[in-house]
Amino acid sequence: LVRTERKKRKSESGKRCFLSVSPLTLRSLFCQESQPEETGVRMAVWDKKILWAVMVVLTGALGQRVNYLYPVVNYPDPVCGIKGSTVTLPCSFTPLKPVSDNGREVLIEIIRVIWCKNHELCVFTTPSVYDSESNNNDPRYRYLGDKKGNCTLQISDLQKEDDATFRFRMEANDPRASFTNQSGVRVTVVDPTQMKIRSSRDDGEFKRGEAVTLNCSAATCTIHQLEVTWFRDGSALSETCPTLHLSTLTAKDSGNYTCGLKKNERTLSVPYSMHVEEGGEGSLPLIVRLVVGGLLVLFAVIVVVCLIKRTAKKAEDSVIYSSGAIYSTGLRQTTP
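Quick note, the sequence shown lines up with residues 20 to 355 if you use the numbering used here.
Where hints are given, some of them may not hold.
So the derived label-pair ranges between C-beta atoms look like this [stated by the list, open to error]: (1) 255 / 228: 35 to 45 Å; (2) 119 / 180: 43 to 53 Å; (3) 221 / 169: 37 to 47 Å; (4) 234 / 173: 20 to 30 Å; (5) 292 / 171: 34 to 44 Å; (6) 152 / 269: 49 to 59 Å; (7) 93 / 257: 29 to 39 Å; (8) 139 / 221: 39 to 49 Å; (9) 131 / 180: 17 to 27 Å; (10) 257 / 215: 15 to 25 Å; (11) 89 / 122: 22 to 32 Å; (12) 131 / 271: 53 to 63 Å; (13) 318 / 218: 37 to 47 Å; (14) 139 / 275: 43 to 53 Å.
If you are wondering where the hints come from, they were derived from the structure by calculation, not from laboratory data. Computed from a predicted structure; not experimentally measured. Note that beta-carbon positions come from the ideal geometry of N, C-alpha and C, so glycine has one too.
Take the sequences, apply the hints, and build the full model.
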């Protein structure tokens, strides 16, 4: 509510003039006769110089008041969680900085933080899920923040009653610096359902050295903050995130993959079958096969050239030997 102030002025003619003022607008300006016999109210137009003078005075008076800027609270996007799971609401806030109040510096200190649900202000008798001044907070709601700038809240063992809008409130040593961001964060709770595996490859056929990403998600909504268990042929894997990334695949990665919520076997997904080609010539990368093939061809050419040279040399030696034998025989026949 805008507080309205009135200033009175008595003119020389006996009129009592009223100026109705608000911090944002000049509401009204009127004069009233002060004689007892006159009870009517009539409007009067003041001289421009007087009006400007009044506005200057008002500006100076209002300038002595503190101009408080609103604090900032950053909520996450809407969160979807499965009943019984754990979700985290990342949150940050910026309290007011020290301000000047009539020349005196006011240091702002956050002395209390509150999380409530389905209430726009988190004040008075509103039930809170977390209150830094309370010793009876529900252990399912864990405050991971502080009183400086982190207001993160974690909710474990999610229940249907948590399907609500959660809001954060900060309270300061100066009441004017207390603040609740009314936008809040919407949390949706769904019943446990069978999880589903989505793969970057639908056929499930891979070659050695390739990569694949498997996502474990619910069919009802997109959930990012899940703790899941991955299985390959019934054996649990170490990964607990909804995303399973397998790089440089080998034949050992072949098998049936399933996923489900941690400690909830009813949510186990339908198996996703993956087959990785055995190692061998067919599974070698194309560049490797080309290099090996080129080397084999080069080696074969070298062998053929060597054989040709060797065969030619043998033929040449045979001709020389035959010519030498004939020449020797002719010499023996001409001898007396």
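Checked hints:
no.: 1; hint: 255 / 228: 35 to 45 Å; result: violated (26 Å)
no.: 2; hint: 119 / 180: 43 to 53 Å; result: holds (45 Å)
no.: 3; hint: 221 / 169: 37 to 47 Å; result: holds (42 Å)
no.: 4; hint: 234 / 173: 20 to 30 Å; result: holds (23 Å)
no.: 5; hint: 292 / 171: 34 to 44 Å; result: holds (40 Å)
no.: 6; hint: 152 / 269: 49 to 59 Å; result: holds (57 Å)
no.: 7; hint: 93 / 257: 29 to 39 Å; result: holds (33 Å)
no.: 8; hint: 139 / 221: 39 to 49 Å; result: holds (47 Å)
no.: 9; hint: 131 / 180: 17 to 27 Å; result: holds (24 Å)
no.: 10; hint: 257 / 215: 15 to 25 Å; result: holds (22 Å)
no.: 11; hint: 89 / 122: 22 to 32 Å; result: holds (23 Å)
no.: 12; hint: 131 / 271: 53 to 63 Å; result: holds (56 Å)
no.: 13; hint: 318 / 218: 37 to 47 Å; result: holds (42 Å)
no.: 14; hint: 139 / 275: 43 to 53 Å; result: holds (50 Å)
Going down the numbered hints, you'll see the structure goes against just number 1.
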